[in-house]
Each structure stands twice: as structure tokens, then as C-alpha cells.
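Student: Chains as they are written, first to last, in my numbering: chain E, 1 to 113; chain X, 1 to 112.
One thing to keep in mind: the hints can contain errors.
Straight-line Cα separation of at most 27 Å, DSSO-like style, residue types lysine-lysine; simulated pairs [claimed, not checked]:
1) LYS2/X <-> LYS15/E
2) LYS41/E <-> LYS99/X
3) LYS15/E <-> LYS44/E
What the hints contain is simulated information worked out from the structure, not anything from laboratory work.
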Amino acid sequence: EAGVTQFPSHSVIEKGQTVTLRCDPISGHDNLYWYRRVMGKEIKFLLHFVKESKQDESGMPNNRFLAERTGGTYSTLKVQPAELEDSGVYFCASSPQYTGELFFGEGSRLTVL
Amino acid sequence: QKEVEQDPGPLSVPEGAIVSLNCTYSNSAFQYFMWYRQYSRKGPELLMYTYSSGNKEDGRFTAQVDKSSKYISLFIRDSQPSDSATYLCAMSGMDSSYKLIFGSGTRLLVRP
Chain E
1 EAGVTQFPSH SVIEKGQTVT LRCDPISGHD NLYWYRRVMG KEIKFLLHFV
51 KESKQDESGM PNNRFLAERT GGTYSTLKVQ PAELEDSGVY FCASSPQYTG
101 ELFFGEGSRL TVL
Chain X
1 QKEVEQDPGP LSVPEGAIVS LNCTYSNSAF QYFMWYRQYS RKGPELLMYT
51 YSSGNKEDGR FTAQVDKSSK YISLFIRDSQ PSDSATYLCA MSGMDSSYKL
101 IFGSGTRLLV RP
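Let the hints inform the model, and build the full structure from the sequences given.
Tutor: Listed below in C-alpha cells is the structure:
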């Protein structure tokens, strides 16, 4: 069974540009999550989808971040415009149930110059 | 003060040693406790998942939760060089169990 896949693995952009990260959850997992780790900090929650609906986006840092989950399948996280402090690793995770047993992808490393 | 405290290490042990990794926390509402292993440039991999207090064993790994002390541990028996990684504790509450609060991670190096 394929795990959570994320694309791209690494993105380098200039400040002010736009980047879109993609996540494909494990097949059959209705719950999808975005987390991120910025330099020197712990991994922190960004938001939670159940199918195509946003259940909790309390961790989104500001309105430069937009997450979508088309048809309850894959999800995208867009950062527009990117700022230096957005650099870090963005992890996607999924789970079959509404529990803490999350399965993480390998992450998308974002570097904003 | 952080909600979850974890010694960043690094912790270096010889192969075959018993490893003890620990986290303390401040939020008494936490009910779910997890340990993740993360290899360099990879995503966190779930190792152990525990609800409330008690012990859980899986092969060479044992997770312990002491809610009265707000303290959780992961023990690794007969450690192997392949266990060298960063170990992250994570926890969450009943009302938002998916919203994991992570520790900063402990780097473990098992020397052959």
C-alpha cells in the first residue's frame, strides 16, 4: 500500500513568489492534515480536512496560506506571497479515523530566499 | 514554557544498549501519547500509540505513560545502529486528538 506522498520534495523560491505543495493521502483515508516545521521549532499543526471539508484551520499562520482538498482526494497548500519566515518543512499526514494515529509523508522542504 | 519538553540530545550509546527517551508535558488534558521516529530528510514514522496511562510493548520498544507525573518514556532494548534517528514524542487531547503537540525531538546515535 502506498504511503502519503508529497510533491515537490524541495522548492526554492524568491520572496514574494507563489508556491503550491501537493499531498496525496493514503487511499481510503478521509482525514488529511498539514503540519510544518520551521527552523529550530517543533512540528506544528496547520489544518485538518475531513474529505473535502476543512474541519480545523486554527493553525494556519495567516491568510497568505490557502489549503484545498479537491473532491476529498489530494490536497494542495498554496503560499502566496511567500515570505522568508515561511521556510521550513511542510508535512502532510492522513488517517482513517478521527484519532491521533497519523501517517506522515516525507515532507516538502520550502526555502524562501 | 513549552507544552511538551524533550531533551534534544544527541544521545550516543553502544550497540546493544537499552535506550531511554523521555518527554514531560504540562497540559493535563492530553490523553493520547505517541512516539515517532524520523530518519534524516524523511517524514515522522509512527512507532507507538498509547491512550491514557500505562505501558505498551511492541518488539524491542516499550512506551510508558505516567499521567500523574506528566511524563512519558520510550525504551529501546538491544539497540541497533539502524535505530539511529530522531525520536519525537507527540500528544493530543480528547477533543482534538488529531492536533498533535510535538516535542522538539531527541537525536539518537547507536554506535556499532
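Student: Now, for every hint given, state plainly whether the structure supports it.
Tutor: To see whether the hints hold, each was checked on the structure:
1. With a CA separation close to 30 Å, the supplied pair LYS2/X and LYS15/E exceeds the 27 Å bound.
2. As the CA atoms of LYS41/E and LYS99/X are separated by approximately 16 Å, the hinted pair is consistent with the 27 Å bound.
3. At roughly 22 Å between alpha-carbon atoms, LYS15/E and LYS44/E fall within 27 Å of each other, so this suggested pair holds.
The structure shown violates just one earlier hint, number 1.
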